[in-house]
Structure formats: C-alpha cells, structure tokens
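Here the protein sequences line up with chains A and B, keeping their order. Counted from 1, the first sequence has number 36 at position 36 by the UniProt record's numbering; the numbering is strictly sequential. Counted from 1, the second sequence has number 5 at position 5 by the UniProt record's numbering; the numbering is strictly sequential.
Worth flagging that the hints you see were computed from the coordinates, not collected in a lab. No incorrect hints appear here.
Chain A regions said to be covered by chain B (calculated; three or more residues, Cβ under 8 Å): (1) 49-59; (2) 82-90; (3) 95-109; (4) 119-131.
Listed next, the in silico DSS-like pairs over lysine-lysine satisfying Cα-Cα at most 30 Å (straight line): (5) K33/B - K59/B; (6) K149/A - K18/A; (7) K104/A - K104/B; (8) K15/B - K59/B; (9) K104/A - K18/A; (10) K104/A - K59/B; (11) K18/B - K30/B; (12) K15/A - K104/A; (13) K30/B - K104/A; (14) K152/B - K15/B; (15) K15/A - K59/B; (16) K149/A - K15/A; (17) K59/A - K18/A; (18) K59/A - K104/B; (19) K104/B - K148/B; (20) K18/A - K59/B; (21) K59/A - K59/B; (22) K104/B - K143/B; (23) K33/A - K59/A; (24) K15/A - K33/A; (25) K59/B - K30/B; (26) K59/A - K15/B; (27) K148/A - K15/A; (28) K18/B - K149/B; (29) K152/A - K18/A; (30) K18/B - K152/B; (31) K59/A - K18/B; (32) K15/A - K59/A; (33) K104/A - K143/A; (34) K30/A - K104/B.
In silico negatives: residues of chain B with every beta carbon more than 12 Å from chain A: (35) K18; (36) E20; (37) K33; (38) R95; (39) I127; (40) E128.
C-beta atoms are modelled at their ideal positions from N, C-alpha and C, and glycine is treated no differently.
Number of protein chains: 2
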Amino acid sequence: MNEYFMRVALLQALKSYKLEEVPVGCVITKDNKIISTSYNLRESTNDPLGHAELIAIQKASHVLGSWRLTGCSMYVTLEPCLMCTGAIIDSRIERLYIGATDPKRGAIESVIPIITERLMPHHIDEIEYMDTISGYILSRFFKNLRYKKSLKVDKNL
Amino acid sequence: MNEYFMRVALLQALKSYKLEEVPVGCVITKDNKIISTSYNLRESTNDPLGHAELIAIQKASHVLGSWRLTGCSMYVTLEPCLMCTGAIIDSRIERLYIGATDPKRGAIESVIPIITERLMPHHIDEIEYMDTISGYILSRFFKNLRYKKSLKVDKNL
Numbered sequence: 001m002n003e004y005f006m007r008v009a010l011l012q013a014l015k016s017y018k019l020e021e022v023p024v025g026c027v028i029t030k031d032n033k034i035i036s037t038s039y040n041l042r043e044s045t046n047d048p049l050g051h052a053e054l055i056a057i058q059k060a061s062h063v064l065g066s067w068r069l070t071g072c073s074m075y076v077t078l079e080p081c082l083m084c085t086g087a088i089i090d091s092r093i094e095r096l097y098i099g100a101t102d103p104k105r106g107a108i109e110s111v112i113p114i115i116t117e118r119l120m121p122h123h124i125d126e127i128e129y130m131d132t133i134s135g136y137i138l139s140r141f142f143k144n145l146r147y148k149k150s151l152k153v154d155k156n157l
Numbered sequence: 001m002n003e004y005f006m007r008v009a010l011l012q013a014l015k016s017y018k019l020e021e022v023p024v025g026c027v028i029t030k031d032n033k034i035i036s037t038s039y040n041l042r043e044s045t046n047d048p049l050g051h052a053e054l055i056a057i058q059k060a061s062h063v064l065g066s067w068r069l070t071g072c073s074m075y076v077t078l079e080p081c082l083m084c085t086g087a088i089i090d091s092r093i094e095r096l097y098i099g100a101t102d103p104k105r106g107a108i109e110s111v112i113p114i115i116t117e118r119l120m121p122h123h124i125d126e127i128e129y130m131d132t133i134s135g136y137i138l139s140r141f142f143k144n145l146r147y148k149k150s151l152k153v154d155k156n157l
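So that you can see chain A by itself, here it is in the shape it has in the complex (with noise of 0.2 Å):
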C-alpha cells in the first residue's frame, strides 16, 4: 500500500509541476484511506502556507474533526521544511513516508535532524525514505526553470 500511496502523492506533485510549483506532491491516510491529498501552492496562491504538507494536515483536520491526526500516515515527495516538520509533529502524524532527501532546506535529517534530536514533546513514530522518481521531478524542474531564465537574459541582451 506505501508504493501506492506515494504514487498518488508523485501524481498531485506533478500538479504543482505543471502550475511552475516546486512540485511537491502530499498525501494523508488513516487505516489505510486516504483522506486528504494536496499540492504545493506558494506561488500560484501567494500563501506562505502554501505547503503541501500544511494544506494535507489543514484538510485531514477537516475530515478527522480535531486537529489531533492521531494514527495518521504521510506521503510526501519532499522531505519537509522547518515549519512543515513543526506541524507534522504537533499535529501527531504518526508515520512519515519521503519520496527525495532536500539538501538545502529538509528538516527531517538533511539540515537540521529535528527528529534525532527527539527534543519535542511528541514525535513521529516511523519514518522512512523511499525510492521513488521523486528527485528526478524535481532535478528536472529545477533544470526547465534555469533554462527559462536564462532565454529570459537572453532576451534583455
């Protein structure tokens, strides 16, 4: 079922891709339902929210009633930035499933090893990184956007 759920979340990834989004894709399960999925939105809808992770949480929360997502599962592309590890904690998701490592930003292991500190006072029972072709969206993204900033310099030559 993890392969599954994580297709689902590359799926909503590449919403976010074709909206010119760093296409991060996120879903949300519990006994195995889904019931929440989203994707990144920043940009399109100008919302420092605009997290996929923090629009699933925000809709499960809906779903569930409560803001506690206890027994929750997480499929998310990207590993999570500060804030949305902060909400993914406190908001009691219980397993976390990552698509791609962020080097630069990722708050689970990458940057700041929030998790392996265990300095909250919840945490994430279960993480787990996954091999998916989540690295290869976003490398490819990131490659489509430099060459269009850089037709863009051209032009003003």
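Starting from the known structure of chain A, arrange chain B on it as the hints suggest.
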C-alpha cells in the same frame, strides 16, 4: 513603538483567553504600521494551523500580496513553536519581539535553538525578548484550567 505593538498583541491574547484557548496574541507591522493581528484559535477552529503566528502571517501576506514579508516585524506574546518558527523564517520576517519564553515548546532558544544554529537558508535579523505581563496571563490561564479540571474530577467521584 515596540511597547505599543506588544500591548496590542497582549490584547489579542486576551481574546484567546476568553475562548478558553491558550492565550497567545500576535501583531505584524511594516513601516511602523500594523498590517495584521491575530490570536490563537487552535481549539475553537480545530485547525492544527490555528496558532496566532501562522494566522497573522497568512493575513499579512494577503495584505501585501506576497508570501515574502520582507521588512516586516512580528510581535508575539509567547515564544514561537517549531512550526511557527519555520514559518517566520521562511516568510522572511526581519524582526521578532517575544513577550514570554516557552520552556516546553519554544523553538527560538528554549527547547530547540534553531536561530542560534543559523542552519536555515534565511534567518531573522533581530530577536528581542520584551518585559511583558504575558507570562502572568499564561500562568493564570493554566492555573484556572487545572482548577476547572479538578472540579470535573470531583464531580466524577
């Protein structure tokens, strides 16, 4: 001006208090003008993103039409948690004024000294702890809460 803006944040915190929410208030200013106010609403709205700082950041981004709150200052009556600290750093807020420390969840210096580690791609230029009655309001709130809970326990005996 800092004292005035913090007083406005404290008045916001009292709105949370009346709703039996942990009393935390927040104000965001730009060019010495208030562009956003908010107070903690997590329990009332059942929203894991219902912390005062996140609501204020989202409101401010609507006012400015951008998720980058460059040049903005935040006044918050309690030291931000990990999620809110991430959002503050990520939204480029430049100055942060805090009304009381949070020894259990504070992510500025109390539990996880994110800022001092300077591991993030961005950082807050200026952080100041102010001398306020916020700590008194919070301890009175939790004292009342414990008292109410003890009454409930008595009834169940």
